Amino acid sequence: MAVTIDPIEQFELKPLVSLGHIGHQQLAFTQSALYMFAAVGVIALITIVATASRSVVPGRMQSLAEIFYEFMADTLHQATGDGGKRFMPLVFSLFMFVLVLNLFGMIPYAFAVTSHLIVTFGLAALVISVVVIYGVMKHGSHFFGLFVPSGVPKPLLAILVPIEIISFISRPISLSVRLFANMLAGHIAMKIFAFFVVQLLLAGAWSVLSPLPLFLTIALTALEFLVAALQAYVFATLTAIYLNDALHPGH
Amino acid sequence: MAQSNPTTTPPPGADTQIVPGHTEHTEAHSGAFPPFESSGFLAQLIWLALAFGLLYYLMDKVALPRIQAILHARAERLRADLDQAQAMKSEADAAGIAYETALRDAQGKARDIAQATRNDLAAEADAKRKALESELNTKLSSAEATIRTRTEAAMGNVRSIAGEAASAIVERLTGQAPDQATLERALDATAH
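As you go down the protein sequences, you meet chains A and B in turn.
Per the working numbering, the first sequence starts with residue 1, numbered consecutively.
Per the working numbering, the second sequence starts with residue 252, numbered consecutively.
Just so you know, these hints were derived from the structure itself, not from any lab.
Small disclaimer: the values here were computed from a predicted structure and weren't measured.
It is possible that some hints are incorrect.
Unchecked claim - List of simulated lysine-lysine pairs, DSS-like, C-alpha gap at most 30 Å:
id, chain 1, residue 1, chain 2, residue 2
1, A, K138, A, K154
2, A, K191, A, K14
3, A, K138, A, K85
4, B, K312, A, K138
5, B, K360, B, K390
6, B, K312, A, K85
Produce the entire structure from the sequences given, and follow the hints as far as they go.
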């Protein structure tokens, strides 16, 4: 008897409630949607239920909410200065959402929502839309000065402006692919190394080697916890930096 | 997805061989790598928008204002407590200084009283001593006067006794009593 593994199978969407089709598109309440709402529930539990008593001396959960709040408020303030306060709900929501979804992915047999490019792209597109819409609303055409570096001789601008525009357009792509690729690669690697343990155990004398991939899997799991938190932080920090462009397009 | 599932997912625990091409084959069969399976994109975006929209609403309207209020209230409370502590400390300092002053005053007063008492006692003792001394001096001088008169009387008696003794000795030696004038001269000569 042999075992088979498909490291990709963990990323499949499983419709829980099918709601029909629009053309090629399947409308279904999938496990991915369930995890998203579960994440909203967990975040609400930490930030709303745990803070309901409004204790001056906080309990553990309220402390957690306060730590996240202060951490994100600091990050946002460092990137955008005082003007960025209005984006706190956006940056905080993004950070918590990505963090909780990444950590959900670390639960065995759970589904990592952020390993789907369309989800991370949706979040990145939201960020860039906010940057562009807010920038144009606040600064009008002056916002497009973002693409014109100051103090550069005119002939050079012909080269630099297209580069700046390409760099701006690539932001939502890099923002979404960074998160997606990290989660996808990490989960595939964990699955494959974990499967090596099983394969070696079933390979007769070779089974003495099976602790090696086991230790690797343990190390990878620790690394993936780090990546889960780090990528949420990176996503939120980059969001704050991009929002700074909308607030201060001159720089 | 739903229509491809029966062909792609082997029943769990089934006796299947490791076939290197197996996963590749099913992937090719189902059309795409699941994260790139475009038929699920619209639904995922809709659920994402709903979930994230709900989260944003909750954070914006409930969670963040509340956490902000908690942090603000705590900062206020800390400041108020620190101010109060500062006020109490300065009060305590003032009380300490007042105590020190009172203590110093009391010590000074006590020293003054002790000094005055000591002076009074010394003066009294002095007066008593002087009175005693003068009394003793008086007694001494009167005693000395008495001694002098007695001595003089005694000395007068000595002269007559010496005169008598001398005339008796001379009478025995010469058989003749010396005359009074000679005796007086001899007495005067020996007295000097």
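Comparing the hints with the structure gives:
1. A:K138 - A:K154: holds, 27 Å
2. A:K191 - A:K14: holds, 19 Å
3. A:K138 - A:K85: With Cα atoms ~15 Å apart, K138 of chain A and K85 of chain A stay inside 30 Å; holds.
4. B:K312 - A:K138: holds, 23 Å
5. B:K360 - B:K390: violated, 45 Å
6. B:K312 - A:K85: It holds: about 15 Å lies between the C-alpha atoms, which stays within 30 Å.
Checked against the numbered hints above, the structure breaks only hint 5 and satisfies the rest.
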